[in-house]
Structure formats: structure tokens, C-alpha cells
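**Q** Okay, here's what each chain looks like letter by letter:
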Amino acid sequence: MTTTPLPATINGSTVNLDVDPATPLADVLRDQCGLTATHIGCRNGDCGACTVLLDHQPYKSCLVPAGRAAGRAIETLDGLAEDDTLHPVQQQFWDHNAFQCGFCLAGQVLCTLSTLRKNPDATDDELTDALAGNLCRCTGYQQITAAARAARTHNTER
Amino acid sequence: MTQAFTRTRYHAPATLGEALALLTDDPDVTVIGGGTIVMAASAGVPRTAALLDLHRIPGLAEIQQGVTTTLGATTTYTRLLTAPAAPPLLRRIAGGITGGPQIRNQGTIGGSACYANPASDIPAGLVALDATMVVDRQEGQRRVPARDFFAEPFRTDLQAGELLTAIEIPTPPPATRWGHAKLKHGESSWPIAVAVARIDRRPDGRIASASVTLGAAVPTPLTIALDLPEHLTELDRDHRRLIAAAVDRAVEQWWSDALADDVHRRRVGPVIAARAVAAALPNGHRT
Amino acid sequence: MDGVRSVAPRLDGDRYVRGSTRYLDDVIPPGCLHVAFVRSPHAHALIGAVDATSALAEEGVRAVLDGVTAQELIGDLVCLLPEALTGATGPLTLPCLPVERIRYAGEPVAVVVADTESVARHAAALVEVDYRPLPPMMDVEAATMPDAAPQHPQLPGNVLMAGVVRDGDAGATLQRAPHIVEGEVRIERSSAVPLEPRGCIATWDAAEHRLLVRAATQQPHGLRADLARQLRLPESDVHVIAPPLGGAFGFKFPGLPEEPLTCLMALRLRRPVRWVETRAESLLIGARDYHATYQIGCDDTGRVSAVSVELNADVGALCATPGPIMPAVAGSTFPTGYDIADVEVRWRAVMTNKGPWNGARGFGKEATCLVMESALDDVARRLRLDPAEVRRRNLLRSDQLPHRTSTMTLDSGDYPRALDMALQLADYHELRARQRDRQSEQVTRLGVGVAFELTPEGIDYAGSLSRGFETATVRLDTSGHATVLTGVTSPGTGSETAIAQLVAAQLGLPVASVRVVQGDTDRTPYGSGSFSSRAVMTGGAAAWLAAKDLRAHLAGAAATLLHASSDQIDAADGFYRVVTDPARMIPVGPLVNALRTLGAALPGLGAPHLEVTRTYGPQNLQSIPDESGRLQQYPTYSYSVHVAAVEVDVETGTTRVERLAAVHDCGTVINPALVDAQLHGAIAMGMGLALFEEERYALSGAPLSTDFKRYLLPRLPDLPRLRTGQLVSPSPFTELGTKGAGEGGVGGSAAAIIGAVRDAIGSTNSPVHVPLTPARVLADLDSRLVGATR
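Chains Z, F and V, in that order, are what the protein sequence lines are. Using the numbering used here, the first residue of the first sequence is number 1, and each one after it goes up by one. Using the numbering used here, the first residue of the second sequence is number 1, and each one after it goes up by one. Using the numbering used here, the first residue of the third sequence is number 1, and each one after it goes up by one.
The set of hints was computed from the structure by calculation and includes no laboratory data.
Examples of chain V residues toward chain F, derived with CB under 10 angstroms:
{"no.": "1", "residue": "R121"}
{"no.": "2", "residue": "F708"}
{"no.": "3", "residue": "R710"}
{"no.": "4", "residue": "Y711"}
Okay, derived cross-link-like pairs now, EDC-like style, lysine to aspartate or glutamate, Cα gap no bigger than 16 angstroms in a straight line:
{"no.": "5", "chain 1": "V", "residue 1": "K548", "chain 2": "V", "residue 2": "D567"}
{"no.": "6", "chain 1": "F", "residue 1": "K182", "chain 2": "V", "residue 2": "E651"}
{"no.": "7", "chain 1": "V", "residue 1": "K548", "chain 2": "V", "residue 2": "D570"}
{"no.": "8", "chain 1": "V", "residue 1": "K548", "chain 2": "V", "residue 2": "E611"}
{"no.": "9", "chain 1": "V", "residue 1": "K548", "chain 2": "V", "residue 2": "E735"}
{"no.": "10", "chain 1": "F", "residue 1": "K182", "chain 2": "V", "residue 2": "D649"}
Ideal Cβ placement from N, Cα and C applies to all residues, glycine included.
Based on the sequences and whatever the hints tell you, model everything.
**A** Given below as C-alpha cells:
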């Protein structure tokens, strides 16, 4: 297996990984970096459980060749909280009971977060659109929507 | 090969020249603009032996506006949504892509075009816009009208050693109006029928010409000329029936896939075409 | 119970939102090997030789095992289906890997172990199998032809089970009925589809001589028992851990071959071995595939007198999960909550060459709901009555409960009131008014549907490992915390939060002071895991009773230490106090410490035990047939009423769901937020069932729905904001009055949506075909355009 160096920032820390650049970024994050909050649900770009942010934008990391991430700032769900303090979006998800099994959280939280960073006054429709790529089999999306709207109201990213 | 199993190889050339050389040297290579199609692997195994990733090549993701708007082949759907120079029709099409912002950030207009999946959004849009596909090879560059580029389902006019590098969209006359309609089965579904209507008007407002380009319901995008009354401002039920009938007559073969067979697409394709035409009219349609 | 009910935040919620919850595939032991299965491309075939030479030659491949070798090394899977229903003599067994015959496309034929998953999958493609294809039998008709090839030696006609559910004399009553309507419901194959697929990681601990298994399973103890038997290990030498699951919904019962085979390879290779299925592999499994025809008889007022149903289920290839029992449950749930004395249901479960079944939310009861609601809608149409009124005229009233049928004793509830509440929540009259005002020229038609769902819960499936009983241990420590060890698991519902609430309330602790340990066969008492909405009802009740005993013990000790009498002691917020003089109090931690150090020594202090184990099972069960053959496996009866409004585009056949309302009664509620959330998820699943989900097959028997672009699930933009309400009718038969929440809502919402679509398009007596895809909607419309031109 030929590997190449992958310099990047992951959750704020500079890293220089050795990766097989054709491997999906999801596998590199999970297997090499131990960042398992990015889950594999379909390997087909359908479910969104593997969502990460690259330079603040959401991608389904099962579809991103690891080589593509060179020089990018990668954010994963497991890097969002600062030690003891949850990120406000995470707190809203907990407060609003916006998850059940939790498997889809990376996509739901990171898409909410990245939308509100770009567009703090996102409309309800824009929030719905932001989450359309994320499948959830547990919640019927109701409390996820409530949490996203509450995150908009209490947005500290403005 | 001595070892039957090889991991997927990955090339990310920095220049177009390198990319074209690699394309010739490594015939197993699959080109990716975004990668959303090629990297999909629900069966757990990579579908290709080697990847040629274009994302590092400067200029391939740019949009240049002039008499013609030139879209780099690796322009993402998100860029089509946010760039002021993006043609409005393509902006609208990009907004309806299934898969959420994640897919829009990664998927590219060139990738979609080169995949030539009948059940997709972009090809019909490009044909309706009279786009010209700019194709590069080591020996030089050629241009292909979009309507000739989509040769068959999942096959384009690209030959071995060629790359799609840009798409040129002529700026339509100011009086041209577009309508777009799309049908899918719920949010998770890929397109069942896509239609782009184009109406050109004379300075006095009379319709000069009209057409509708059908996609997703047919194996390759098909533009159908329509004979609309000159002063038409909205569609009533009879108009819609006539348009639907004209579309039905013009299509030799309807597309069939896992979500909808040809019988169903024949039924709904003309309906969507008529709705696209209605959307291109000032008063839309009434029942 | 009032003091318990609260919207306590999810236990461990912090870990979930941080993403630090470790699911099955998040913890991989060092040096782990990986499994991939060679899977048959043919739906039906005989197997000749299996040649692994090329596969074994690949670098990194450690082993390949086929059926011939495996049969010496591992015991068969055993299907625990009642002989009274199968008619088989002796247990129905299946080898883990087939030796003679392939029964479905995707069936594992050989197991490959390699250093990485990708090498294993590649090597699996290199294994050469001599298949001799046979004609595939892809439906009940084909499988039950006289010359159909038998799929199991003990079941020559391919009928796995058959039964009749009978109350009164439906035949005679139908003959006398002023009106009889006949109908048909076809439910295409679908499945539970949790977001996390199945997987298993097995490690042989040579030093301890024990097998450690982490598995995405709903039943760790059940899996342990199966593995011990199949691998010929003492049960106590098998340790199964069920980590937090990414959803289950019945998909993760044991009884398929991959888990035992993965464990076998770990034993043989003395290395940890991992298997995780792909999405395509997960979609091989089904859970619904029914065809029903029925007759319903009623009078001029729409009062139903009899229902007769013929129900055929295509259960695919036989397997050892509880999945194949679901048609029996479907049959037993008729006539749901309606007051119909004469009922006959003849049901069959037939084996075909589709993939096997595991469980799914609803467990057959959603099929019953779809059939009953279709029949009631037929009555409404025949008599030109409002479908809601037909329900009102036929639902059992609360004074008629408990109501006993040949298979159920409906415990408590107010079905008509739930109906009224649901109609009000949905603004039903506004919807009907809007419908009347709608111009017939419009391209979209508004339709409204109403459905009642009966959800029997808490199954005690005696003869299997899925029992209605549960054991819990509650233990206290000197930091004032309680630990609950429970045999129930949580597939992600958060039921451990409700269990913690119960124990906290009993012991007088803050909820945050209670830890719940589940999913570990070494640490928890024996249990049946999670299914049938039982976690709080049985697991919670067992914990409640154990905590109650402990509380009495603590109160006695506190009384001694505080010089009061036991009945003067109150417990709250982590303190035990004298009610009349609250300044006299002792925190739980020191109270526990006092018992530990001075128990039985200091007079009046009681024994130094701080741990109680209690087993609980509800009443209202007849777990084995009585003298007259009556069997009642469900103790509790949750229910819900659903109203749906849809807009159907009659030119394209597409449906947009505009409004969904539901009122749900699951008895006593411990945590309303968790219960509401379950209903939301069930309603979304019902929408999927009604409109989108279908596992399709090619004529060749190859599965076509291999990913989520083809097996369509509802997304956020598909759903309207759900309007939900609750009624509380405690069960008189359970300790807490709970009935079970979790399953309820799938069938009811599906039936309401289907009813609404058919209302929109003016269906008359066309078959109900689920999912109601646009093509089927158009076909229904077309069938009534006799003579009209388009």
C-alpha cells in the first residue's frame, strides 16, 4: 500500500498523517485517528452519518478520498466540545432530546452548525434543506428540527 | 498483474498536462471531479482500480462570465448556487440535487455530465442551455455540443485520453424565458423526470420559438420543439394536453430504472414537460 | 407514579452529543482480523465444490471455511417455532453454512478471514463455488406449487407455519350480514433498517478460557446461549456485550449465521475477529411481505358483525431469528380494537427464495392494522359514511374493557376518546371542509385518512428466549449512588433514563445519581433484552421492585439512626429525613456506610446488604395454551389513533403528506419526552412503509434494493410537523401501569396515510398495494377511467 503524507488540521490540531490517499476520509479518521464519532452507515453518500466539516463546509466523508483533505481544516463531531463544555449546538440537541440512538448525530449537528455559521438567520426552510442529506431512523426528525431552531435562536457563532 | 488485488491508486495532478498524461499512461484510471459517484461503495468494495482526482488543477473550478459563461468542469453544485455568474437555470437545478449540502459541496457539474446517468439533473439543463463541452486531450482541444455529448445512458462522447475541462454556456437573448420542472419520489429519490423549457420572444413580445428539453425520463436528453400560440401567457388544460402529446410523440424510447419503469416515465414525462413550459410563461398555469 | 413522571434529560446524553458513545465498530481490538462472506449470486441453487485455492493464495488471507468443513465445527442454528404451528416433528435446524442448497441470493456460502476487511472482501470474490442454479421461487404461489423444490427437509410443502384464529362463527355471520365487502391488501417486502448495520467482534481469551463477544444485538443473553450451544462451550465461558446500538427495531435478534461463524473463526485462529455487514448485505434481510384477502360484514349503520381474513406471508428463506413468527402475531391481533365478535383469520407463513426475515417494529401487528383499516374504509365507502364515524361506531368502549378474545385480553383504554382527540388535533372538520370546497379541476387532490392501531406489547414468547419476564439488581454505594443492573438493553431509545427515574424516585435519589448497566452478560442478571417495548414495563418494573425493597431497608436503618419510626421517614434528593422534623436527616452515602459497617451489629440496623435482585413478569398472560388451546402472549395493549391529510398529484401519482396527527396511549408514562420521541419515529417509519419502502427483486431472484437510493427512507423534508397527543389509561395488570411504548404508531400512521391517498383519488374496491408508489396510484386512478380518454 503506497501512502502519502497528509498534512491537515483536525479539530484544531495540526497533524501530518500517512494515508492511502484513495481511502475514504471516514476510514482514515476512524481507523488512524481514533475519531469514531464519524460513523459508517451506507458507504454510498446517502445517510450522512459520516459527515465532517472541511474548511467549515459539510461533506460525507465516506465519499471523500483522504488525499483530498490535504491542507484542509477538518472538524468532526468528537472535536466540537471544548473539554468540559459542550458546543452550544450539542447542548441544544441534548436539551431538546434531539437524538435517540445517536448514530446520525455527526451529520445533524455539523450541518446545523455549519449552516448557522454561514447564515445565522437561516429560515426554517433553509434549516430543513441543510439537514436533508441526513437520514435518521429513530426520531422522525421532529426534535432535531426543534434543536436546530433553538440553536439558531441562541446562536453564539454570530 | 502478479497480484490480482490492488488497492485503489490515487493521482492528484497539479496541472492539466499531468492529468492528460496520466490518463494515457494508466488506462484503468477513473477520473473524479467531486467523487460522489465513483467513491460510492454500498457493497463495501471499491468500484475502480485507480482514481485521477482533478481537484488540484487550477482553473478547473472557476466560473468566468463573458459573452459566454465558462464553467470549469469541477465547478461544484454549491458554487453554482453561490456564484453570481452562474446561469440562473443551473443555480435552480443545483438547488434540487438529492443528498443535502454535503453532496452539493462535493459533486461537480463535469462529474455529473461525464457520468451521463439518465436519471440525473445536469445533462438536460446543459442541453437546454445549448452548452458546448470543452474537451482536452494531449494533442489538443475540441468542442462538442452538449446534445451530442450525451451519446447513450452512462456513455458520453469522451474518447480514451480525453478530459472534460469546461462547459461553455452562451448567454441567451434577454427576452428568453426558462422554466424548470422536476419530479422525484420523495426526498431520497433520484430524478424521475426533468424538463427545461425555453421560450424566445420577439421584441414585441410574441413567441418566436419554444422548446422543452426532457431529461431523466429518457435515455439521453431530448429537445423537442413546440408550436405554441404566439401570444400565449399561460397554459390551460388543453394546452398542457397538447404539449404532453407532442412530447409523447417525439420520444422513441423512455428510460427505465429501479425507481420507475418506462411505462411510468412515459406517463409522467410529458406532464413534467408541460409544467416546465408553464413555468416559462409569465402567468404560469391554471387548471 | 406522579412523582416519577418527568422529562428527565437523557442519561449519558453528554456522551452521545459529544460523539463519544462507542458503538460496535468503534472499538477494534489490536491485531484484529476481518471477516467477509462469500455470498451466493443465485437465489436458488445446488452447491457442488467450493474451491478456495485462489483466495487462500492472496496475501493477508488467513482462512476460508465452507459448509462441509463448518458442519463439523459448529452446531446448527435452531428455529424456535412452535411445533403446533409448523407441524414439523422435532426442531427445525439449519447449518450455519449450507452444504447442499442455496436458498436465497446473498446467502453466505463460505467465510473468509483476512488481515483487513478489504482483503477479505476481495478474497471472497476469488472463492470459486460450483453452483448449479435452480429456478427461483420468488413468491408464495411458486413456492407452494405441488412440485416446488422443498426448502427444508422437514417442511416439504414450503409452508413454514399455518394457523387459524377464530372467535365465534364468522362464516355464518357473514352469510347473514346485510352488507359484505371484499377486499385485498398487498404489502410488499420491507424491513426495519436501522442506521447501524449488524456486526460482531469476537475474541478468545486463552488465559481465561472464555470467549468475549461484542455484538450489535438486542439480546445479549439470547446470543450467548446460542453461541455456547453452537460452539460447545459452557454458557458461563461466553461473555457477550451489547454496546449501545445505532438502532435495532427488531433487526438485531440473534438467529443468523454471521455472528456464530465470526466467533468460530476467533476460536480457530486464536485472534480477535471482526465482522460488520455492508448496507447492501443488510438489505438482504426482510421483515414484512404479506398478501391478505378479506370479507367484512356489516349492517346499514356500518356496524361490523364479522371479519374473515386469509393472510399469506412470504417469509423468505428460513432462519432462526424470531422474524418468521410475525405472521402468527399478525393473525392473533385481529380484529384489533373493534367490537367484532365473529372473526376468522387463516394465516400461513411460506418459505421462498427471498432473503430471511428478522424482526421489525410492529412485529406483524402493523400488517393487521393495514388490513383492518382497509376493511373499515371499505365499510365507510359502501355505506357512504365518514370513515371516522365508522371507527366510532365499532371501537370497543372503555366500559367494555377488559375485553377477551381467543388470543387477547385488551386491558384498558378509551379508544373512542382517543379517536375524538386525534380528530381534534388534526382539525379534521377543517380538512373535510377544505376537501369539499376543492375544485375537481385541480391537479392535486386532498385526501384524509383515519386509522386505529392496536399494539399488543410485552410479549412472553414461551418456548423461546424472548420472555416477558425480567430481572434487575439494584445496588447502593457509599457515595450515595445507585447502580441498576438490568437484562434489558436499549437500542437507542433511552429507556435506561426512565429506569433510572424509577429507581431514583423509589430510593429518594436525584436521577443523576443512578447509573444503569445493561448489555453485559457478565455483569447483569439474565434477561431477554429489548423488543416488544418491554424495557421500562418489565425491566423498569423489576428495578422498581428491587429499589422498593432497598428503600424499606434503608428507611428502617435511617429510623434507627435518627431515633424515629420507619413510617416517619421520607426519602428525597439524596437524604432520608424525619418527616416531622426535617433537621434530623442523613444523606444516603453515610446511611449506606452505616449499614455496611454496623449492619446487624448495631441493634435495629438490619443486615449489611445493600443490593436487591427482583424478577418481574406482568399478569394477563396465557403463555402456554390452556385446556381449550387458548394462547395469549401479550399482557398489555397500547393503542393509537392516527389522522393523515395528503395532497396527491393525480397527473404524476406523487403524494405529499400535509398533516399527521396521532394520539397515543401506552398506559402510565415515566418520561413523556422519550415516549413522544418513540411515537415520532414510529410515524416516520409508517410513512416509509406507506409510500416508499420496498425490497424489490429481479425475476432472477437477485435483490435490486441494494442501497438507500433504491430502498427509500423518509427524510426531513418529507415530513410535516407532527401533532401528537397522549391519553393515559394505566394497565391494571402491570406493576407500574405501563403498557410499553416504542412499537406503536407504525401501522396506524401507515394505514392513515394509505387511507388518505385512497380518499384523495377516490379508490373504490381496488386492492390496497403498499407502498403506494406513484405508479400504483396512477394505476388505481386509471382503473376507474373506463371509457374515458386521457
